[in-house]
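Q: Chain by chain, the residues:
There are 2 protein chains.
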Amino acid sequence: MKNNAVPAFVSPIQDFLKDLHAQCAADKDGQVATYIPELAKANPNWFGVCIVTANGAVYEVGDTRQEFTIQSISKPFVYGLALEDNGRTTTLDRVGVEPTGDAFNSISLDPGTGRPRNPMINAGAIATAGLIAGKTPASRFKRILETFSLYAGRELSLDDTVYRSESETGHRNRAIGHMLRNFDKLTGDPAPTTEIYFKQCSISVNCRDLGMMAATLANHGVNPLTGKQALRGEYVESVLSVMGTCGMYDYAGEWLYNVGIPAKSGVAGGVLAVLPGQIGIGVFSPRLDAHGNSVRGIRICQELSRRLDLHLFNRPVAGKSTIRARFSGAEFNSSHVRTKEEGQDLRELAKVIQVYQLQGHLEFATTEPVLRDVLERADEIQFLILDLKRVLSLNESAGHLLHSLVGKLHDAKKTVLFTHCEHLPLLRRMMKKKLADRFTELFSTYPDNDLALEACEEQLLEHTRHAHAPNYKAKPADYHLFQDFSDAELKVVLPLLKPRAYKPGQTIIHAGDAAREMFFLARGHVSVLLPAEERHRLATFSPGMSFGEMAFLDGVPRSANIVADTDVECDLITLEDFQTLGKNHPAIKIKMLQMLCLDLTGKLRKANRELSVFE
Amino acid sequence: MKNNAVPAFVSPIQDFLKDLHAQCAADKDGQVATYIPELAKANPNWFGVCIVTANGAVYEVGDTRQEFTIQSISKPFVYGLALEDNGRTTTLDRVGVEPTGDAFNSISLDPGTGRPRNPMINAGAIATAGLIAGKTPASRFKRILETFSLYAGRELSLDDTVYRSESETGHRNRAIGHMLRNFDKLTGDPAPTTEIYFKQCSISVNCRDLGMMAATLANHGVNPLTGKQALRGEYVESVLSVMGTCGMYDYAGEWLYNVGIPAKSGVAGGVLAVLPGQIGIGVFSPRLDAHGNSVRGIRICQELSRRLDLHLFNRPVAGKSTIRARFSGAEFNSSHVRTKEEGQDLRELAKVIQVYQLQGHLEFATTEPVLRDVLERADEIQFLILDLKRVLSLNESAGHLLHSLVGKLHDAKKTVLFTHCEHLPLLRRMMKKKLADRFTELFSTYPDNDLALEACEEQLLEHTRHAHAPNYKAKPADYHLFQDFSDAELKVVLPLLKPRAYKPGQTIIHAGDAAREMFFLARGHVSVLLPAEERHRLATFSPGMSFGEMAFLDGVPRSANIVADTDVECDLITLEDFQTLGKNHPAIKIKMLQMLCLDLTGKLRKANRELSVFE
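Just so you know, the sequences run in chain order A and B. Under my numbering, the first residue of the first sequence is numbered 9, with each subsequent residue one higher. Under my numbering, the first residue of the second sequence is numbered 9, with each subsequent residue one higher.
These aren't lab readings, by the way, just hints derived from the structure by calculation. It is possible that part of the hints are untrue.
Note that the list lumps identical chains together, so a pair holds whenever it fits in one copy or between two copies.
[What the hints assert, rightly or not] Capping the alpha-carbon separation at 27 Å, the derived lysine-lysine pairs in DSSO-like fashion look like this: (1) K150 with K26; (2) K499 with K36; (3) K499 with K483; (4) K614 with K397; (5) K36 with K483.
Pulled out of the complex, with its shape left as it was, chain A reads as follows (with noise of 0.2 Å):
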C-alpha cells in the first residue's frame, strides 16, 4: 500500500470546514468599517475560519493568517483580567451585568448611580480598563498585552497606526470616560484609561489568534497548545457570562436563541464563539451589516451551530457512563494466586468486595448515580473498591459526595479503597481538610486495583480455617503438585529436588533466561513482575505452590521477573532430572504432568472469566 498512491488523509472536518468557507465566501452583503482610515483600507474579500478544540486540535481555512485589529472582542479579555485584579463584588460595583437591548456605542449608564449597565458596551468596557492594576498606563496595557499573549499562545502586538487613528477620533469614547469619572466610576485623570481602552482594540490579531483565544476560554482559561494559564479558571465563567448575554448587543436574545453559543464580534471583521468545554471558533470577514457584526462571521456561528450541533442547551444526558465497570472480588480475584481451598473459601467471601471503575469527570450528576448504585447494593456491600484510573477530572462537589460515602459506609463499619487517584490532587485535599484526624484512618488508597483486592482478600481470609501461620513452612510432601503421591513416589521425587534459599528482593528468575528449571516454594511468597519501569505483579504465590513451569514446560525464554518478596526457601527441578524422571518412574512422571495440566487448566479457567467481566 504503503508505494501507491495512497490520498493524503485529510480530515473529513477540515473538508468540511472548507466547504462551509465556500459557501459563505459568496455572500459579499456588507460593509468594510469606515469610522476610522485604517479600517476602511481591510480587503472586504479576506475570510478566515478556524475551529480550535478545547484539547488544542486546530482546524483552519481561508486567511487566517491575516492580521487586523481585535477591537471590541478584547473587551470579555480585559473584564477577565479586571476580575482577576479587583475579584467579582469591586468589579460588579463598577460595571453590571444586564443586557441593555441597546447599540455597542450607546452609553447605557444607570441612571442612579453612573454604572454602565455592561461590560460589553464601550462605556462598561472603559470603566473595565480603568479596573486593570499597574503602576503606569504603560504597565498597565502591558499586562493586557501579555494577557491577551497568553490566550493567543504568541506574542502580540499592538498596531499603532491603527490605535493613533482610534485616539484621534475617539471623541465619543472620550466623553464617556469624563461621565464616567463624573459618576465615580473612573479614579484619577480619565484620559490614560481611555486611551488604554484605544490600545487594548488596536491589538494585531488574527484569525487562528481568536480561534486559540476561544479555545481558551473553553479550556477552563488554560491555552489547550501551551498549557499556560490565561485566566483563573474559577472567572471563566463570567466572562461567559457577560459575552452570552451581552456580546452580541441588542441581538443578544436572538443569538442565544439561534446560535446558542457565547460570542463577541469587533468591527475589524473579528467573531470569537466560545462553546465551553468543548471548542472555540474565531472568523474574520470585515464585511459588516447594520449592527456593525461581520457578515460572514455571523453567519459560519450559525451554520456552525446548527450543521455541527454545537448549542449550549442541546446537552445530552450526563451520569449514564460514570460507571465503567463493576464487578465484585469473586468474579475478579487480586493476582496473589491462592490455594485450591483459599480460592473457595474466596469464590463466596469475596462477593463483599465490590469493584467500580469509574470513568470521565466526576461532578455532581456524574457521581450521583455511583453513590445512588453503591447505596443501592450498600447491604451486600463489605468492602468497596474505588478505581479512578479513567476518572479525567474531579470537582468540589464529586469530592464532598465522595466524602460523605467514604463516612457514612464507615459508619456501618465498611471499607472504601480508593486505587490511582494520585492525579486527583483535589481529592486528598479535601479528605484532608474534612476527616481531619480521620483522613489516616478513613481515607485509604493503594496504587491499583490488585493491591487493593489483596488486601481485602487478606482480611477475608485472615479468620478463615485454611489460613496459614505467617512463616509457615510447606514440607515438600505438602507442595500441591505432589498431593496425591504415596510416601512410596514420594521417596523417588524427592531426592531430585534442590533448596534454594533467597533474601528479600532477590531475583530468582530473570526475564529473557532460558527455563532449565520449575520451583515448590517452601517458605515465603514470591512475586512474578513484569520488567517494565513501574511496578507491575501478575503474580504472587505461596508455600505449596510451584512456580516457573510455563517456560519449563513450552521452553519459551522466561517472561517475567519472579523476585523474593520475603525471605524465601524453595525447591527446584531440573529439566534434565525431570525428563530421567519419565525414563526411569514414567507413572510418577505421569502423575506430575497431570497436576501441571490441572494447575493451568485451574488459571486458565481463572483468566477466561476474568476476560469475561470486561467483555
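Start from chain A and add chain B according to the hints.
A: Same frame as chain A, but now just chain B:
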C-alpha cells in the same frame, strides 16, 4: 452484619439537601403575594425543595407535596407547545426572544410591530397562549393541561378557585389582550385567549412536580420516569434559551452570571431551574422579594449552583474520554483458535487491524478526537473496527463525521467495520441516506468484535502459505497433539480413536455433562458457546485441533456447549482409554500430556496477553 443495627443508607445527597433546607428555612424575608385573595391564604412557612436528575433520581425535602398554582412557570411550557403547534418562524413572528430589562407585568410591545419582546412577560405569554391549537377554548386548554401532565408524570388539574380569582381581577392582562389584538398578534376575540392564560397560571402543582418538569426539560423533553415525551427534543433548546435570557425578568443578566442555570419563577412561590442534560430543580416557598421571586427559591438555586458547581458555563473539557480502549488485532485475536503457524502469521499480519472501543455521547467535540487519532495512524491501518457498545448516544454531527471517515478510508482501500451499533438507529439511517447505492458495500456491521475480528483475520490469512482448502480434512497423523509422534507411536494411539460425524448445528458437547472424552477435529469447524440466551462464542476450532480437553483433564462438568458450525468429522478418545494408555505405553502418554501442557500454556499466555489490554 444484617442482624446488627446497620444505619439506613440515606444518600449523602439527601442529607445535603436536608441541611440546605434547614439553613434556608431560617430566612423569613419576603411577603406572600396578595394581589388575589387566594394566594394570600398561603402559609408563609411552606417550604419544599426537590432535585430530579435527568436520569430520574429524585431527592426531596420539606413540603414537596403541598399543592400551589404554577403561575408564570407555565409560560415556558406553553411556549414549547406553541413551538410544536406553529414551528419557530410563525412563533417568532408573534413573540420575540429579546430580554427587556423590564418587570414581569410590563407590556413591552415593540413600538413598530406590536410584537411582545419575549414570551416570559405577560404580554408575550398571552400572545403565546393565542398560538395553541384547538377547535374550542376548552380543547386548547385541555391540550395545555395534558402537556403539563406529561411533563409532571402525573395527572394535573386546574385550581378553579384561583382561576376565578385571577379572572375577576385580571384587567391589566385583559388590556394586554386587546392591545395584542390591535396589533394582530392575537386573532379573533382576545377574551377566550386571556381566559386560557388565566387558566394555565392556575394549574395546581406541587414542588416535586416542578422538579420532574424541570428534569423533563433537562432530559430532552422526555420525562425520565415515565419515558413519555412532553416536548419534541428539537424545541427544548428554544424553551431553555428564553428561560435563560428572559426567565428572571430584569434580573436575567445577574441570574445567568451568578447562578448560571436557566430558571423561571411564579408568584405563588414556585421556582423551576434546568441544567440541560443534568438536573431539574423545583423549589416552593411563598415569601416573595420585590421582583416577585420566591426569596428562598432564589437562595436555594444560588446555593445549589455554588455548592454543586452547576454553573452552565463551568463545564469539564469534553472529548478526552471517548476512546475507552484501543488495541490491534495482534494484541487481541478473535476466538477463532488458530494453528501455531496461523497464529504466528497473525501476530505480524493482524497489526493492521485496529479496534477502537468508543464510549459516552458521540457529538462533534467527542468524535473529533477519534477521527484525529484514526487519521494520524491511518497509514498503519487496513481494517478499522469501531466498537460502539458503550456509546450512549450519537447525534447527526457525529454521524456525518463517521460517514466521512468511512468514505475516506474506503477510497484508500481500507475497511471500516462497526460493531454493537443496533442501539443507534440514527447511524444506520444516516449511512443509508448518505452512502445511497454504496450502503451495502461500505456500511459493514457485526454484532460483536469477535466476529468482526474473525472476518478481518480470515481476509488476512486467505493468501498466506498456511491456508487450508475450505473442505480440508486432517489425517490423524496431522492432529497437533500427535505432531512429534513416530509411526510406531501413531500405531499405538490411532486404534484408540473413535470416529464421529455431526451435522451443522448439532451439539457435540452439552454444558453440564460429565466429561468422559476429548475430541480431535478432522474436518469442519466447531464453536464453543456459552449456554446463555444470546449467542456468545468462546472459541472456534479448525481441523487438526483438539477440543473438550479442559474438563477431560480436571474432571469438572462441561461448562459450555460445543456445536458443529459445518459438517464435522472428528475422533474422540475416552478417559478409560487414556488411562489405559498410561499403563501400557507410559512414554506415549507422557508425550501427549506434554503436548497438552504446551497447548494449555499457549492458551494461558494468550489470555494473559488479552487481559493486559484491559488493564
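Q: Now look at each hint and say whether the structure bears it out.
A: Each hint, compared with the structure:
1. K150 with K26: neither (37 Å within a copy, 50 Å between copies)
2. K499 with K36: For K499 and K36, the Cα distance exceeds 27 Å both inside one copy (99 Å) and across copies (91 Å).
3. K499 with K483: within (13 Å within a copy, 42 Å between copies)
4. K614 with K397: both (24 Å within a copy, 25 Å between copies)
5. K36 with K483: neither (92 Å within a copy, 79 Å between copies)
Of the hints listed earlier, those the structure fails to meet are numbers 1, 2, 5, in rising order.
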